[in-house]
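Hey, can you work out the whole structure from these sequences and the hints?
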Amino acid sequence: MTVHADATDYEPVFVGRRRAELDALLTHYPTKMAALLPALWMVQEDRGYVSEAAMAEVATVLDLTPAYVKGVVTFYTMYHQHPVGRYFVQVCTTSPCNVCGAEDVVRALLKHTRAGELGATSPDGKYTVIEVECLGACGFATPVMVNDEVIESVSASDVPNILARLS
Amino acid sequence: MGFPHKSHPRETPILSGHFGDTDARSLAGWRQRGGYRALEQALGMAPAAVTTMVKESGLRGRGGAGFPTGLKWSFMKLGDGKPHYLCCNADESEPGTFKDREIMRWTPHALVEGCAIAAHAIGAETTYIYIRGEFTEPLQRMTEAVREAYAEGILGKSAMGTGTRIDMHVHKGAGAYICGEETALMNSLEGRRGNPRIKPPFPAASGVFGMPTTINNVETLAAVPPIVNNGADWYKSMSLSSNKSTGTKLYSVCGNVRRPGSYEVVMGFPFKDFLYDVCGGPPPGRQFKAVIPGGSSVPIQTIAEAEATLMDYEGFVTGGSMLGSGGVICIDDAQCMVKQIGRLARFYAHESCSQCTQCREGTAWTTKIMERIEDGHGTREDLDTLLEIADNMTGKTICVLSDSCAVPVVSGIQKFRDEFEAHLDARRCPFRAATATAVAA
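Residue numbers (this note's numbering), protein chains in the order written: chain A, 1 to 167; chain B, 1001 to 1441.
In short, the hints are calculated from the structure, not lab data. Here the structure is a predicted model, which is why all the values come from computation and not from measurement. Please note that the accuracy of each hint is not assured.
Derived lysine-lysine pairs resembling BS3-like cross-links, with alpha carbons at most 27 Å apart [unchecked claim]:
#, chain 1, residue 1, chain 2, residue 2
1, A, K32, B, K1082
2, B, K1006, B, K1272
3, B, K1172, B, K1082
4, A, K32, B, K1172
5, B, K1199, B, K1396
6, B, K1289, B, K1272
7, B, K1055, B, K1272
8, A, K70, B, K1172
9, B, K1055, B, K1172
10, A, K126, A, K111
11, B, K1289, B, K1415
12, B, K1172, B, K1199
13, B, K1396, A, K32
14, A, K32, B, K1236
15, B, K1199, B, K1236
Dropping the structure here:
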């Protein structure tokens, strides 16, 4: 397989088990392109983010162009284009959570993780904290998503305990 | 069931009766609770008869638009030789709304069953359940339920042994509010950027992969099995108001309220009783000031308007708003309307797909101006500018995201003008602590 990647030491994702998974997935759709979002999820699960080289690989396996794949990757907020902290922390601050003190939760997280500012990763590489638009858990304000887990009804004072549990 | 709180006696838990009941999640548990009897019955009926039954029940779309479900299904031309598709819209992202999340978390088989009945009715061999990427638990529950249903022969090339093919796949979104718009969802499913499409063609003519498609919301589809089990008349009888709004509706209650959660009441229920009795009223020591009753895209109601409203499609319109998704956002008297409307504008600016200029520019400028007013730097002209931008954002774009950003701004200026003016007069937010603003000044 030819992969137009800039990094010569790039290890392809879609070999062995992953290739078989992708092939099985392709049977769910009448077009190859429809497997693009799922393929990008596989890349992110394995590599933590979607690099330019990975975009090129996905383009090759799905008969798309790297530019097209990048256009899709950049449309969706959940694909990381750069490495993030071991714990990726998303705090909902949209209005329903905002009126329940979500901004205090953000401040507490930035302080206690030492990430300092939104989108930045803490010096120890452990945490990246971002604000997220509506997590769809408004009755459980403030929901905080840590990697794939949603922690419900978080208040600023809960933050040290939550972080202690992650350590 | 008022999950996460105790059920309230005035609720009618048709969809939510098993919320919080972990045993209802498995196929065996769902069967013990009467699951898949409706699908069995529906598969024994002609597809058109199923559609007629849903038509007669009066069921309308629960995603926000309220389009009659049976009528939508009847647009699918059976036997046209083309592949038909069913899309289940589980991209629930409307601020204030988390009902579909609870359906998928607690009763995933209710949705599988509803999808399978709909697929049979519209002649769809393939169903895609498109779930927003942040919904990790619903994704896991639905994937497991679909897997179980295949393993038991409920889904597959001969659904329940009837020879009817019903395939179903869970598709994970990747973070984009706009993908809840039906044609954006279809683009996203096809592996494209989630840009809404110009209509017509409507999905029944050319939907996902260019083929006839029906797209329904999770709650709509989950309401189908009880209708098949109990009949159209039973469903239609559940209304305290008009015969245009029938059945029950799940409301997601959030914001400044004593008992936030999912509550299910019949159409026409008094909103005042709902807010104060069922949901427990405002937090201690506070008063409700405003309610956004149908997710962030519907007009803001003053509490006086809300208290006089009957909860159904027509009642919320009479009350100056819309039923929308049923996401009830409660706002108490300690909150600043200018700040919260500005926060909603920021949401829409973030989520605009940027195809249409009115939306791309309008959401950004609305956010800037709202935040300027909140910070004490607004001018009188800003209110006129906001209304002018809002007018330019209404009814002029491919989809209604743009309109949705204008809605809270226009209704906010109309109904809470005094708060806007207080910001302009004092050159600061009157709700912020004086010490904080003294430093800022």
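Would you pick out the hints that fail for this structure and give their numbers low to high? 7, 9, 13, 14, 15
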